[in-house]
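Enquirer: Below, each chain spelled out in residue letters.
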Amino acid sequence: MLFNSVEFLIFFPVVTFLFFVLPHRFRWSLLLAASCFFYMFFKPVYILILAFTIVIDYYAGILLENEQDKVKKKKYLIASLIANIGVLAVFKYYNFLNGNITGIATLMGFKNHIPALSIILPIGLSFHTFQAMSYTIEVYRGNQKAERHFGIYSLYVMFYPQLVAGPIERPQNILHQFYVKQQFNYNNAVHGLNLIAYGLFKKVVVADRLSEYVNGFYGNIGNTNTITSILAFCFFSIQIYCDFSGYSDIAIGTARFMGFDLMQNFNRPYLATTINEFWSRWHISLSTWFRDYLYIPLGGSRAGKAKWYRNIFIIFMVSGLWHGASWTYIVWGALHGFYNIFGLVTKDIRAKWAKMMGFYHLPSVNKFINQLVIFALVTFAWIFFRAPNFTIARAAINKFLEFNFTYNMVQICAEKGPLNLALDFVAILLLCLSYYLPKNLKLRNNLLFLCVTTFIIIILGKNGLTEFIYFQF
Amino acid sequence: MDLPNSSISNFKRFLTGILLPLLLIVGIVGYAFNYFFEQKIIFTNPLCGAFKINRIITETHTNEIPIFGSSRAEGSFIPDSLGTDYFDYGLSGSKLDVALFFLKEECKKKKQQRNIIMALDFDDLIPEAGDIGYYIPNAAYAPVRQLMGKGYKPYYALPFLRYYGTFDTYFKLYLNNKLEVTKVSNKGASLEKNEFSPAYFNMLVEIRNGNPTKLKIDTALASDLLKLVAAHAERNFIFVVTPYHSSFMNSIAATYPLVDSYLKQLTANKNVTLLDYSRMPLADNMYLNTTHINWKGAIAFNHALKDTLNSLLR
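Taken in order, these protein sequences are the chains called A and B. Just so you know, we're using numbering that gives the first Met the number 0 here: the first sequence kicks off at 0 and counts up by one. Just so you know, we're using numbering that gives the first Met the number 0 here: the second sequence kicks off at 0 and counts up by one.
Treat the hints as calculated values from the structure; they're not laboratory data. Honestly, I wouldn't trust all of these hints.
When the alpha-carbon atoms are kept at most 25 Å apart in a straight line, the in silico DSS-like pairs for lysine-lysine are as follows [claimed, not checked]:
| # | chain 1 | residue 1 | chain 2 | residue 2 |
| --- | --- | --- | --- | --- |
| 1 | B | Lys186 | A | Lys415 |
| 2 | B | Lys269 | A | Lys415 |
| 3 | B | Lys269 | A | Lys441 |
| 4 | B | Lys269 | B | Lys110 |
| 5 | B | Lys149 | A | Lys42 |
| 6 | B | Lys295 | A | Lys415 |
| 7 | B | Lys213 | B | Lys108 |
| 8 | B | Lys295 | B | Lys109 |
| 9 | B | Lys108 | A | Lys415 |
| 10 | B | Lys11 | A | Lys42 |
| 11 | A | Lys415 | B | Lys109 |
| 12 | A | Lys69 | A | Lys144 |
| 13 | B | Lys11 | A | Lys180 |
| 14 | B | Lys171 | B | Lys186 |
Computed from a predicted model, the values in this text were never measured in an experiment.
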């Protein structure tokens, strides 16, 4: 079920109402049933995959807690991780690997006889698999007690607000909340509603509107020019931010309405002044997941510079692969890895340069320039994320490098008309204005905010029922 | 029930302080906005599909010669250049089911004018309703709702909310009509000023050459049209095929006999005339793409059509 659908408009109040009127002991079963319904709305059969990982990790957690022998404990953990990664490997990476084997075999003059699988990627697979993995790892590390209640554990993996696109929660943050008897609370409800409205604004007013232009560009690069390419690249940066952070806002708001606290997933990432800072503001739940479960176990920054840089590069390559089974995602990840390492290597030189240029005396100018540079670098990397293959990515970059700034209204508007382009800028302007609101959206005049946002959503929103981009991961 | 007093009082506060006022404000302001939007933006704009549907349902212009069809009707005719009584009801993206709806509504009217022009698209003899925005304000009318089919949503009955996601479409048409930045508007017709670069147009031609178009006919709709024409002997049906680029005509060569035999059935009726301009020679810069002409092409086409119509309708 999509958050931006009429179905959700009915589903959410009904489930929330039932949640508060039911006795506490029945609430977990209501939420679990609602989560199953929510997930099965996309494609019912894939609930079986979720059931598989839930059963495996539930028992793995208990075995890990009961086992005292460290070697055996490690074996249980590895078995659980293999089961989880195995599901990902089959459903997400099998065809990618097979395609690469075919490519290599063809180059070497062989024929690959391994058949391709005709399966659709289960929605949000990478999200709930990572959430399940974080549970077994935390139990293994002794930071979390094994959950003995099968229903509550299932709810931990399946909690509908964050089931298909995060935030990827840690068991320490969310599991205990399912035992707390939540009461209807005015502040939680209003704050939740504010977050839902703001998330919907980001999704249907900004992201879906900009997507028309971006799709227009990538679908017909031949009839565009450099101005179109610059606009499309920048618009995609804003589109993906609003699409994904919009989802997170709705997820956090939906949970908050019922009294649950989910972790923050975005913190105005395009205001970052370094790439490192960007990643501490973008998809925080995934960045910290990789930090806690991959980067630090690899040695982090404590194993000497060479290994530090290697670890950073590995993290970003894996992050690219997490997003999608395609070389374009891997290049996207590698670019971010390179940016990070380059940023670290040139830190002193850049500081000296800024001092030499006199920017140190103008901290706001220095900050703004850094923000622009980071936005440009991130935007360049997004080209590989958005383009379906390298041919289109190359064509898009070539279009930019043509430096053809001819005034051609049809090309500049990506054949979508001047009004659409004007409304794209209106949407971006509204997004910028929303940055004047308090970050946590705890407002003085909630009714005014909700009324204005509702009108903006109804009047400027796109009703294409487009899926959130991150659902595919 | 598991609700302590604090929870109930919190809920009452939420209901009276936020939810009800929000619904009330959105309801009242939305209703007023809806009224203004329909009266000033939708139902005053002859380029708007919803206006055209509303006009055919609710108004009778006794001397009017209507022009029905799809985007080829909307983007090829210049009503004022043909005469004073023409009005273009063409709806871009719609196909034969919608044209039939217009024809049926027209035939219900008691008019002095006997002539009806129908722009015939070889590729449009199948059902396709086109943009949902054409129908939303008129959805209360049963035949319109029938055209919407599965596209109809219960919330289309609610003022203001029913336009969610489509406000900009109506507004864009309103501006097109007022400003004429990229299109020329004329009594329901909307004619593209744009000319693609020769390189881009050649690319379109190459794509067309590489992809033969398979023409199809929906037998039920085609039969309905034959019945309608036969049942209204008092009206003259003038079917006009507007110019296609030669690459399109070549691409349909294999399946054209199917349409040709249907046209023969149609023209067997005494009250049907077929004016076929499909192969009218026009320069490449007079086309918007391989199936549609632009403003320049429309001027040339209407010049030729006017003479024919004048002699035909004399």
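Enquirer: Holds or violated: Lys269 (chain B) with Lys415 (chain A), Cα cutoff 25 Å?
Expert: Not satisfied, since the Cα-Cα distance of roughly 44 Å exceeds 25 Å.
Enquirer: Below or equal to 25 Å on CA atoms is what counts here, so check Lys108 (chain B) against Lys415 (chain A).
Expert: violated (38 Å)
Enquirer: Is the straight-line distance between the alpha-carbon of Lys295 (chain B) and that of Lys109 (chain B) 25 Å or less?
Expert: Distance ~36 Å between Lys295 (chain B) and Lys109 (chain B) Cα, so the pair is violated.
Enquirer: Is the hinted pair Lys11 (chain B) and Lys180 (chain A) satisfied, with a Cα-Cα distance of at most 25 Å?
Expert: holds (20 Å)
Enquirer: Against the 25 Å threshold, does the CA-CA distance of Lys269 (chain B) and Lys110 (chain B) hold or violate the hint?
Expert: holds (20 Å)
Enquirer: Please work out if Lys269 (chain B) and Lys441 (chain A) have their alpha carbons no farther apart than 25 Å.
Expert: violated (74 Å)
Enquirer: Taken at face value, is the distance from the CA of Lys109 (chain B) to the CA of Lys415 (chain A) at most 25 Å?
Expert: Answer violated: Lys415 (chain A) to Lys109 (chain B) is near 41 Å, above 25 Å.
Enquirer: Is Lys213 (chain B) within 25 Å of Lys108 (chain B), Cα to Cα?
Expert: violated (36 Å)
Enquirer: Lys69 (chain A) and Lys144 (chain A): Cα distance at most 25 Å?
Expert: It holds: about 17 Å lies between the C-alpha atoms, which stays within 25 Å.
Enquirer: Sort out whether Lys415 (chain A) lies within 25 Å of Lys295 (chain B), counting only the CA atoms.
Expert: OK: Lys295 (chain B) and Lys415 (chain A) at ~21 Å, within 25 Å.
Enquirer: Does Lys42 (chain A) lie within 25 Å of Lys149 (chain B) when you go C-alpha to C-alpha?
Expert: With a Cα-Cα distance of about 21 Å, the restraint between Lys149 (chain B) and Lys42 (chain A) holds, given a limit of 25 Å.
Enquirer: Please verify whether Lys11 (chain B) and Lys42 (chain A) have alpha carbons no more than 25 Å apart.
Expert: violated (38 Å)
The structure shown violates the earlier hints numbered 2, 3, 7, 8, 9, 10, 11.
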